[in-house]
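A.B. asks: Sequence:
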Amino acid sequence: MSRQGVQQALSVRRLHQLATELAFRKYRLRSERDTRGSEEEVALLRGEIKALRAQTTNR
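Numbering-wise, the sequence shown is residues 1 to 59 according to our numbering.
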């Protein structure tokens, strides 16, 4: 696998991790199990996902 292919795979892996974390945070927020900073964390995760998507599609 080329260096660029490895970087792409790592980026996709990170994207999946962020999406999973976002889903978990949203679940916790909806169920009111942990509301401390959850809305801010959701916004941060969405921003990271947006940036990573832009980075992976520009290659």
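Hints listed in this document are in silico derivations from the structure and should not be mistaken for laboratory results. Bear in mind the structure is a predicted one, so any value in this text is a computation, not a measurement. Please note that the accuracy of each hint is not assured.
[To be verified] Calculated cross-link-like contacts (lysine to any residue; reagent style SDA-like; alpha-carbon spacing at most 25 Å):
hint : residue 1 : residue 2
1    : Lys26     : Glu40
2    : Lys26     : Gln7
3    : Lys50     : Leu10
4    : Lys26     : Gln4
5    : Lys50     : Glu21
6    : Lys26     : Leu52
7    : Lys26     : His16
8    : Lys26     : Val12
9    : Lys50     : Leu18
10   : Lys26     : Arg3
11   : Lys26     : Arg13
12   : Lys50     : Gln8
A.B. asks: Any hints from earlier that this structure breaks? Give me their numbers in increasing order, please.
C.D. replies: 2, 4 and 10
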